[in-house]
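Chemist: Each chain, written out:
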Amino acid sequence: MKTFRTTSVFFVLTLFFFSCKKDEPRAIERDLWLRHKGAEMPIWVRGNLASGKLVLFLHGGPGDCAMCYRHYLRGLESEVAVAYWDQRIAGSSSGKVDPKTLTYAQFGEDAALVVNLLKREFPAVEIHLLAHSYGVELAWQFLTTGDNQQLVRSLVVVNGTFSTYRWLYQIREWGLREARAQGKTETVAYLLANPVTPENVLTYDWQRLERTVHELGANPVSVYADKRFLLHYAFASPNTALAQFTHFKHYGEWSRNEMMRFDKSALLGSIRIPVGLFWGKKDGVVPYEISGETAALLTGTTTREVLFEDSWHEPFLTETDRFVREVLRFVK
Amino acid sequence: MKSPVYLRPENNHSQNKPMKILLLLGGLAACCAPPLHAQQLRLAYAGETFTHYGLKAGYEHALRTFPRPDSPAWGELLVSLNLTVYRHPHNHVGVIVAPELAYRRTGRRGGFAEVAVAPAFFWYFLEGKTYEANPEGGFNRVRMAGRNAFLPTVAIGFGKDLSVRRNLPLSWYARLNFMQQRPYNAGNLVRFGGEIGILKPINAK
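From first to last, the protein sequence lines stand for chains A and B. To convert a position in the first sequence, counted from 1, into my numbering, add 46. 138 is the number that my numbering gives to position 156 of the second sequence; each next residue is one higher, with no gaps.
Bound conformation, chain B alone (with noise of 0.2 angstroms):
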C-alpha cells in the first residue's frame, strides 16, 4: 500500500467565480430593478420529500407584463431571487440562494401556468461531526463542514390568484423543481425537488 498523501481541504474559489457574479446579477435584478410591476412574497414548503424539509422565501417582481386585448388572461416576465433552506436529516443541511427568471401565464379565473429557471448556488453542511486526517496519524475535528456547488434549476409550476375572483390579495402555487448539483462526487447529482406555498402581493400598480 502507498504512504497515504493526505490532501489539503480544496478550496474551490475558482468554481465559486461566476457564480457568485450570477448571483450578483440575480439579485440586483431582483432588488434594484424599479417597481413598475406587481411586487409578491414567496413562502412555501419546499423539499426533496415530506421527509427532506424546508422552508423557501423570497421576492419576485414583474419585469414586464403582456395583457391580451381581447381577452382578460395575461403573462408576466417575473425576476425574482429566493433563499431555501432545508434538511436532509442525519444527512445535511442545505442552503440553496436562487436568483430566478420565470414567466407566469394567468388565465381570466385566476389560474396560473410558469415555467422557471435558476442558476442556483448551492451550500451544504455535512450533519454530524466530521473528521479529517492529519498527517500525524490522528483527526482534526471539521466544525461547519460542507461544501458548495452550482445547482442549475428549471421548474415547472401552476397555481391560482385568489385576487382575480375572490378579490382576496393572495396566490397559491405548486412547483416541480428539476435541479442538478455539480459538481457531485466525479460528476454531477440530479435531484428533484417539490414546493407548494402562497405569494403576497406587496405592492400592485
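Looking at chain A on its own, in the form it has when it is part of the complex (with noise of 0.2 angstroms):
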C-alpha cells in the first residue's frame, strides 16, 4: 500500500509541475475560440499589445494552420501583437462540420467574425492583416466584401493571388521558363500544348500543371525538412499534430469548384487600405509576376513591394529576420 500511495504522490507532482506556466516576459498570451457553424476554431494571441498594434495572420493552404508558423513569426511578438487563427477545417480547428460551408464566402464570414471579435476583446488596437498564399485569396474575399476594409488598417500579401486564372496562367508561363532553361523538351512541349485562357479555366486541369511546376523545382523548401520547426510543432505547439493531416481531403469540391472561379481583378480598385505585396522572387507556386498584376489592379490605394531574392514561396522560412522586419516596418 505504501508503494501504491508513494507512486500516486508522485504522479500528482508530476501534473502539477507541468501545469506550471514558464514566467514569460510577453506582454499578452490569449487563447480565444470563435465557434460558428459547427466549427471551433482557435485565436491564439501573443506579444505586444501595449504597442497599440496586432497582426492577424491568414494561412494559406486552404487547411493549412497558422500557430505552427509562430516558429518563424514570432519575432514580430516583440514588437506588435500577432493573432494566429486556425480557418475552419484547418490546423487545430475541431467541431462538426459540414465540408459544403468550405466557400470563400463562408471563410470571408469567418475571417470577419474573427475581426470583429478581435476588436472587441482588444478594443485599443488596431489590425493588419499578413496574409500568405491562401490567406491572401481570403483577405481580398473578406476587404472586398461590404465594408470591411473598415475593420483593418493594412494587409500585407505574401505570395498569393487574386485570380484563379491569373495565377494558372503565370505557373504555366514560368513553368515554360524554367522547362526551356533546364532543357526539359517534354515539359516544355506539354506546356506549350495546354495553354491557360479564361474559355478553359473551369477545366484545366491544374493539378497536373501544379504537379510539372513543382518537378521543375517551383518550391524546393519545406518545411517538414527543418527540425527545429518539426520539434517545436510536435512538442511546443498548442497544435494538434496528427490533425494536419487530415484536412486536404475535404476540399476536393473546393477546389473543383469554388476555387476555379475565384477572380477579384474587378474589386481590387475598391481597395483604400494600404497594401504590401512581399514576395518570395523565386517562386513557382504563385509566381512574382502575380505582385505585378496586383499592383497594376490597386488603382485606389498605395502599394509597397518588398522582394525577397533568396525564397520561394514562403520567404517567412527562407529570410526570416528580413521577414520580420520589413513586416514591422509596414504596420509601422
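Some hints could be false.
As the list claims (entries may be wrong) - Using 30 angstroms as the maximum straight-line C-alpha spacing, the simulated DSSO-like pairs for lysine-lysine come out as follows:
hint, chain 1, residue 1, chain 2, residue 2
1, A, K165, B, K111
2, A, K146, B, K111
3, A, K142, B, K111
4, A, K327, A, K273
5, A, K295, A, K146
6, A, K146, A, K83
7, A, K83, B, K111
If you are wondering where the hints come from, they were derived from the structure by calculation, not from laboratory data. None of the values given here were measured: they were computed from a predicted structure.
Could you fit the two chains together into a complex? Lean on the hints.
Modeler: Given below as C-alpha cells:
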C-alpha cells in the first residue's frame, strides 16, 4: 500500500509540475475560440499588445495552420501582437463541420467574425492583415465584401493571388521559362500544348500543371525538412499534431468549383487600405508576376513591394529575420 | 456574400445514445459482475506526449482466468472501467471514459503482454474564452465550450506482475493506445496515446 501511495504522490507532483506556466516576459498570451457553423476555431493572441497594433495572420492552404508558423513569426511579437487564427477544417480547428461550408463566402464571413471578435476583446488596437498564399485569396474576399476594409488598417500580401485564372496563367509561364532553361523539351511541349485561357480555366487540369512546376523546382523548401520546426510543432505548439493531415481531403469540392471560379480582379480597385506586396522572387507556386498584376489593379491605394530574392513560396521560412523586419516596418 | 445564417448550437443527442448504452453496459460489467477473480486498481500517467499530460484511473477485474496445466503461466480475460483526464495546453482538456475488454497473458516470471479494446466516450472542453456569433452581430460567451465524440480504442501493452517473484502485490505496465475520434471536423481523427502506470490488487482469490 505504501508503494501505491508513493506512486500516487509522484503522479500528482508530475501533473503539478507540468501545470506551472513559465514566467515569460510576453505582454499577452490570450487563447480565444470562435464557434461558428459547426467549427471551433482557435485564435491564439501573443505578443506586445501595448504597441496598439495587432497582426492577424491569415494562413494558407487552404487547410494549413497558423500557430505552427509561430516558429518563424514570433520575432514580430516583441514589437506587435500577433493573432494566429486557424480557419475552419484547418490547423487545430475542431468541431463537426459540413464540408459544404468550405466556400470563399464562408471563409470571408469567418474572417469578419474573427476581426470583430478581436476588436471586441482588444478595442484599443488597430488590426493589420498578414496573408500568405490561400490566405491572400481569403483577404481579398474579406476586404471586397461590404465595408469590411474599414475594420483593418493594412494588408501584407505574401505570395498569393487575386484570380485563379491569372494564377494558372502565370504558373504556366513560369513553367515554360524553367523548362526551357533546364532543357526539358517534353515539359515544354506539354505546356505549349496546354495554354491557360479564360475559356478553359474551369476545366483546366491544374493539378497536373502544379505537379509539373513542382518537378521544375517551383518550391524546393519544405517546413518538414526543418528539424527545429518539427520539434516545435510536435512539442511546443498547441497544435493538434496529426489533425493537420486530415484536412486536405475535405477540399475536393472546393478545388473543383470554388477555387476555379475565384476572381477578384474587378474589385481590387475598391481597396483603400495600404497594401504590401511581399514576394519570394523564385516562387513557382504563385509566381512573382502576380505581384505586378496585383499592384496594377490596386488603383485606389498605395502599394509597397518587398522582394525576397533568395526565397520561394514562403519567404518567412527562408529569410525569416528580414521578413520580420519588413513586416514590422510596414505595419509601423 | 450571402447573408450569414447563424446556426443554433448543434445537439448531438442522437449520436450520444449508443455510446451511453455502451458505457452503461461496460460500467455494469466492470462494477457489478461477481468478483470471482482478481480485482485491481489502475493508476497511470496517460497522455499523447509529455506535453499533453494526463492521469488515468481505473478498476478492473478478471472475468475468467486460463491457467495452463503444465505451466505456471496464465491468461486472463479482463473487464475494466477507466477514466482519463488530460490537458492539451492552450487547446483543450479531455475526459475519456472507457469501458474496456482486455486479454492479458502472464508468463512464469510475471512478465505480461496484453491487448485491449474499448468503445470509449470522449468529452473535450476548449481551453480559452469561447464565443459564438449571435444574429444581432455580437458575440455570446459560451461557458465550458466543448463537444463529445466516440473514441474507439485499441491498445497493446506489456508489464510485470511483481507479486510473482518478489512477493510484492503490484504490477507496472506500459501501453500504446490507438484511438479514433469521430466526429472530428468533417471526418475523424486518429490519435495516439501512451500510458505508464501501476496495477494494485485489491482482492485476490
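Chemist: Next step is simple, just say for each hint if it's right about the structure.
Modeler: Now the hints, each set against the structure:
no., hint, in the structure
1, K165/A to K111/B, "holds (15 angstroms)"
2, K146/A to K111/B, "holds (27 angstroms)"
3, K142/A to K111/B, "holds (19 angstroms)"
4, K327/A to K273/A, "holds (25 angstroms)"
5, K295/A to K146/A, "holds (13 angstroms)"
6, K146/A to K83/A, "holds (11 angstroms)"
7, K83/A to K111/B, "holds (17 angstroms)"
Of the numbered hints listed earlier, not one is contradicted by the structure.
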